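*Asks:* Following the hints, complete the assembly by docking chain B onto the known chain A.
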Amino acid sequence: MYQRDYRDIIGGGLLLLTGALIAWQASTALDLGTVRRMGPGLFPMAVGVLLAGFGLAIMIPAFFRQGTLDAVEIRPTLAVLASVGAFALTIRPYGLLPAIAALVFVAMLAETRFRPVALVGSIVFLSLLAYLIFRVGLGLPLAMVRWPH
Amino acid sequence: MDVFGTLTGNIALGLNTALSASNLFYCFVGVFLGTVIGVIPGLGALAAISMLFPITFHLDPTAALIMLAGIWYGTSYGGNTASILLNIPGTPANAVTCLDGYPMTRQGRGGVALLMTTVASFVGGSIGIVLMMLFAPTIASYALSFGSADYFSLMVLGLVAASTISDGSAIKGLAMVVLGIAFGTVGMDLYTGQARFTFGMLELADGISLVALAMGLFGISEIIVGVRQVGVARIDRKSVTLRAMKPTRDDLRRSIGPMLRGTGLGSFFGTLPGTGPSVAAFMAYAVEKRVAKDRSRFGKGAIEGIMAPESANNAADQTSFIPTLALGIPGSPTMALMLGALIIHGITPGPQLMTEQASLFWGLVMSFWIGNLLLVVLNVPLIGLWVRLLLIPYHLLYPAVLMFICIGVYTVNNNAFDVWLVLFFGALGYGLRLLQFSAAPLLLGFVLGPLMEEHFRRAMLISRGNLMTFLERPISGTVLAVTALLLVWSAWAAFRQSRNPMLSVTN
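Line by line, the protein sequences are chains A and B.
Taking my numbering, I'd label the letters of the first sequence as residues 1 to 149.
Taking my numbering, I'd label the letters of the second sequence as residues 1 to 507.
It is worth saying that the hints were derived from the structure and are not from the lab.
Please read all numbers here as calculations on a predicted model, not as lab measurements.
Accuracy of the hints is not assured; some may be wrong.
Stated by the list, open to error - Heads up, incomplete: computed chain A residues facing chain B, CB under 7 Å, no partners named: (1) 50; (2) 76; (3) 78; (4) 81; (5) 91; (6) 126.
Ideal Cβ positions, reconstructed from N, Cα and C, are used throughout, including at glycine.
Here chain A stands alone, though its shape is the one from the complex (with noise of 0.2 Å):
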């Protein structure tokens, strides 16, 4: 427990950061118009502003009330999101199959356990699986191997 709500702090500043970016940015890089005949940024802009304002609403409260702060799940976070990211590195160059290979592997370093066998045959059975879904069954034009030049 804390003394204030940093949860809603920091959410709520997010929030009214974010929103004061979108209305500089809407009412900077955009035409504004008139309401008559309105502009590109108009809109956008008074969404910043509204998103702004909630922001405050949210954030301005939690100054004056206890809170909790969730801890964060570090290594499950970042293997998931870079396990997402390695499949995203190799589609193109190498092909689905080590793609396949890629995810799997930066994925299950979620774990604090090293499974060598599980791993192996997740590769395995996956690359399987999705040459049978995507390749045979939707006839999708994916590389499965390829070799960059």
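*Replies:* Here is chain B on its own, set in the frame of chain A:
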């Protein structure tokens, strides 16, 4: 006009579409996958639909919607399995079923509970479909006279209701709606073609991909939270044999009332914006407890306590299509995905849908019947298979889910940029969870935002910049008044809630 003549004509047209070999196949695939994902705890209907959404891009619109809808109501059928056998809700809509379903399992009556909830689901779903067939065309014919101002106001009502009624803080829900609308403005401006918030990235010219947003927010963040969940289920196989499923005469007698009341409540709450199957199931349980002669039986394996919520969530699944298909205004995030699917397939949702795309609409509705029948067939005899699914450890499951998300999103446009977007929205989704913001209103705002902007600008052009048009038009004015009442009510409720803990501290 001969209403029933038109209805039978439409039914024939729908059956013709729904019974084609390929549509039957995709209906089966949808309900099967829906059941699978519903059975496995930790993956809700929203994650299921967003995960399998990309596959439907390669199908024709009718087949795509039939499959997506099948996944949607299929999860409600499958979701009770884990609730009853393991005391873990398969999907949030089945959470209440745990209360009496699990005690039934512990008394060795798990089989009866599984069979009876399948019956409840079927009855609830079927009545929901009938209501939809009767009401959706009527509402649509009224809606044909709606103008842009009316649509704008209806969308405001939908968004406000969705963020204030559902779980959590109303102001945080509203903030998420607005954040979603902000994400919706990314891309080319419809009127001038000017790029907005693309930061020079060509990939963003068409806007943020709905698939990437939904998968990141609901799929990836779900997995991050779920990775640490350990432990393999232990299930008594004997309680789920066909023989163990035979209900007693007393079970049947006690079930009929709750099933019908649950269906009624579910049908009603399904159509309201912001209240999906979860709210419906919860309300149905609360009502059963209130009307019961002997309240002490609840929570200890009362069959009424599983029949009411299970019929309610399936009825709500079906009736939630009414506003989505008749008005083009989704009341829940899942329906927003459906709407997104329609838009991506080049179909404009709204009251014209039923006349212009009659075979799609009636084909979809008729496929609901087929899907619900298939679900009964799939659920009862195959229960052994579903139980085995519950035994798969999560560490084998989540890499598979991640793979489906990545390949799915990659194949939509064949570009890796969308996969990076999934990463971004996954991180955002997890952050929102930590800060206790609900991501569902964000999705709703994202889908409705561009439509709202279009209607707002059109209304302004028509009224020559007179903002009063929103209040002066009778439909729009009434809707906005209702919205204002809702806001006042939720502000008051929040105020009362914030006062209560203070009182309890001083006392």
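*Asks:* Hint by hint, work out which the structure violates, then give me just those numbers in ascending order.
*Replies:* Hint 3 alone not satisfied by this model.
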